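Chains as they are written, first to last, in the numbering used here: chain A, 1 to 110; chain B, 1 to 114.
The hints are simulated quantities; they were obtained by calculation from the structure and are not laboratory data. This structure is a prediction, so every number in the text was calculated from the model and none was measured. Relax, there's no trap hidden among the hints.
Only pairs whose alpha carbons sit at most 30 Å apart, straight line, appear in this in silico DSSO-like list of lysine-lysine:
no., chain 1, residue 1, chain 2, residue 2
1, A, 102, A, 69
2, A, 102, A, 3
3, B, 71, B, 57
4, B, 71, B, 11
5, B, 11, A, 102
6, B, 11, B, 57
7, A, 102, B, 57
8, A, 69, A, 3
9, A, 3, B, 57
For the chain B half of the interface with chain A, some residues (derived, Cβ under 8 Å), not all of them:
no., residue
10, 33
11, 42
12, 43
13, 48
14, 55
15, 56
16, 91
17, 107
Every residue gets a Cβ at the ideal spot worked out from N, C-alpha and C, and that includes glycine.
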Amino acid sequence: DAKTTQPNSMESNEEEPVHLPCNHSTISGTDYIHWYRQLPSQGPEYVIHGLTSNVNNRMASLAIAEDRKSSTLILHRATLRDAAVYYCILRGGSNYKLTFGKGTLLTVNP
Amino acid sequence: DTGVSQDPRHKITKRGQNVTFRCDPISEHNRLYWYRQTLGQGPEFLTYFQNEAQLEKSRLLSDRFSAERPKGSFSTLEIQRTEQGDSAMYLCASSLAGPGTEAFFGQGTRLTVV
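One chain only, chain A, in its complex shape (with noise of 0.2 Å):
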């Protein structure tokens, strides 16, 4: 499985931009990076994800590398209701399982 490394925390202040980056230089032509987060005690909840170009929702925007060795999350304005860990995954391969790191625990200060 195709390896993510994040850093283990990130802290925030409320209403300022948040960039979560991701390293992925084992990445193959086909992955699709996946982005997850997990509140406590909850399910892993959908992000965003991409290929090769960036992207964006309502939640967030991706900012994928030209190499596509790395990519970067981007909560436009933070809340304190986006206080989780977020995981950055490669979704690839013949079965298209998600793997789980560790992931970046974001706190965000009011």
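Fit chain B to the given chain A structure using the hints.
Same frame as chain A, now just chain B:
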């Protein structure tokens, strides 16, 4: 459709007892995945189904674990002769086939073996 639902949300059982968990995926999703999560760790893959066929099982899935998805609809995960090490959150996810599709997770079943 109300998303992926799991039942029960919490289960406390005595060591040695059998337990069964149920997952109802989003109706049009042909892929169903089971994960296990312990405190402080990310979810770990256990097994997945394409419709009713179980296509892959992790080495984490010992002989005491069995999963089914009859008729490609809901799925059950049974643990026989539970051990304290089985205490964890068991998560179910469903999606369409393909790496560029979203997976939706249930809220999980928290198992405590005493």
